[in-house]
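Below are the chains, spelled out letter by letter.
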Amino acid sequence: MTGGQTGRLRHAEHVMGTVVSFDVPACAGEAAGLAGYEAGGALGRAVRWLHWVDATFSPYREDSDVSRFAAGAVSLAQCAPELTEVLEACAAVSALSGGYFTTTPGGRFDPSGYVKGWAIERAAAMITAAGSAEHCVNGGGDVQCVGDRGPGQPWRIGIADPLRAGSLALVVAGRDFAVATSGVAERGPHIVNPHTGQPATDLASVTVVGSGLTLTDAYATAAFAMGSAARDWVDSLDGYEAFAITSRGADWQTSGFRAYLA
Amino acid sequence: MRRVILTIAGTIAGLVALLSFKAHVPTLPSAAVSTTGGTGSTSGTSSSSSSSSSPSSSSSPATVPGEFPMGSLAGTLTAGETTVTGHVANTVYGPVQIQLVMRNSKIVKVAVLQQPMNTIHDIQLGEFAFPKLIGETLTAQTAKIDAVSGASYTSEGYIQSLQSALDNRA
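For the record, the sequence lines run as chains A and B.
Just so we're aligned, residue 1 is where the first sequence starts under this note's numbering, counting upward by one.
Just so we're aligned, residue 1 is where the second sequence starts under this note's numbering, counting upward by one.
Some clues are possibly wrong.
[What the hints assert, rightly or not] Computed, partial: chain A to chain B, Cβ under 10 Å: (1) A70; (2) A71; (3) D142.
[Said to hold, decoys possible] Calculated from the model, a selection of chain A residues having no Cβ within reach of chain B, i.e. all distances over 12 Å: (4) E62; (5) L76; (6) E85; (7) A95; (8) A160; (9) D161; (10) A204.
Think of the hints as simulated: they come from the structure by calculation, not from any bench.
Even for Gly, the Cβ is constructed at its ideal location relative to N, Cα and C.
For reference, chain A alone in the conformation it holds in the complex (with noise of 0.2 Å):
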């Protein structure tokens, strides 16, 4: 799976669920030393990575750390550190978003909404100490893009119409930035609102953009569950800014996210 046209490294790798692409320049990938992936290198490394998070962190997984720590089989303490992290981070963005990011969407333990934005982020920050300046990780969907797309360009990550298959809604344009979509798509509803119990249904999707991917892919979940209401939450968190379509299809944006427009 890993290939692409001359100047540029693509690889795309199954797991945690979805498919996670990496967009490499070569002359980066050749500092990064990602043309030895089989032998090892940074990209190697990533998604070492993202295999380890998936058995460490899927819900899915009988054996994994989550699943074995929801049980009740073991305490935290017997877990990867990591899960220490995440916890403490679940709640912090649970705390800022009223509640409506949750550790426990449908009543069961299940930090997913957190670990796949962080499990990219880091990723791609693997790549950048390896020494590429400039890459861009696709967690499914989720989106972190580290530096230029080459010198003077911005990345540019089209926004999917949730209403439309195959279809952009926009593009966003920037760089070193995140980007991060909620919505119904492809699995039907699934992001549950915490507080009434039932799926969110006020919007079809909603992309937050930001820096980091952890906190803009979390902030993305919550504000898919907040619906309506997030458009004026995502407006008071400094650095953020978010685009959504409604489920009736109309849409909706935050005062600075023009900038990102491309």
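Following the hints, position chain B against chain A.
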């Protein structure tokens, strides 16, 4: 050149057809073309243009999907740009007319010359459908995107996704 014009006409037809689908009225639009001589001259006009409409020509051109000008872009052309103006399509909500600005056979701007203004449905068309259609046209034609953000696709659904197409660019 003929092929280019046919393609352009097809694009306008597609735009209006999408709109017509919403309006439940079939239409058969066509297009006329004009070019600038590098001096920014007149736009093409439809031979069957509605006489009731005289769009303002002072609007600024669209720069982003969802933010589009009302009125002709003929006065804003730069060298190498061409306007293509669709015939008026009469939908149940009223007349609709769209103008494209082309450069090197690609759509670079879209303007709305006429759109319905009267009913709640009309307002929805104006606020929702036009920005979306225009955004779609621009992104499909000119978006050189690097990645797609959207609600999570499954591993199985990935192969159908736009992101999959991006990952497999030759």
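>> Is the interface hint satisfied for A/A71? The criterion is a beta-carbon contact with chain B at less than 10 Å.
In response: violated (25 Å)
> For the hint on A/A70, does the least C-beta distance to chain B fall short of 10 Å?
Replying inline: violated (21 Å)
> Does the claim that A/A160 lies outside the interface with chain B hold up, using a Cβ gap greater than 12 Å?
Replying inline: violated (3 Å)
> Are all C-beta atoms of chain B more than 12 Å from that of A/A95?
Replying inline: holds (25 Å)
>> Minimum C-beta separation from A/A204 to chain B exceeding 12 Å: can you confirm that?
In response: violated (9 Å)
>> A cut-off of 12 Å on Cβ-Cβ distance, and A/D161 was said to be off the interface with chain B. Does that hold?
In response: Check fails; 7 Å does not lie beyond 12 Å.
>> Checking a non-interface call: every C-beta of chain B should be farther than 12 Å from the C-beta of A/E62. Is that right?
In response: holds (19 Å)
> In terms of Cβ atoms, is chain B entirely out of 12 Å range of A/E85?
Replying inline: holds (23 Å)
> Hint check: is the beta carbon of A/D142 less than 10 Å from a beta carbon of chain B?
Replying inline: holds (7 Å)
>> If I take the minimum Cβ distance from A/L76 to any residue of chain B, is it greater than 12 Å?
In response: Answer for A/L76: holds, closest chain B Cβ roughly 27 Å.
The structure does not agree with the numbered hints 1, 2, 8, 9 and 10 stated previously, though it agrees with the rest.
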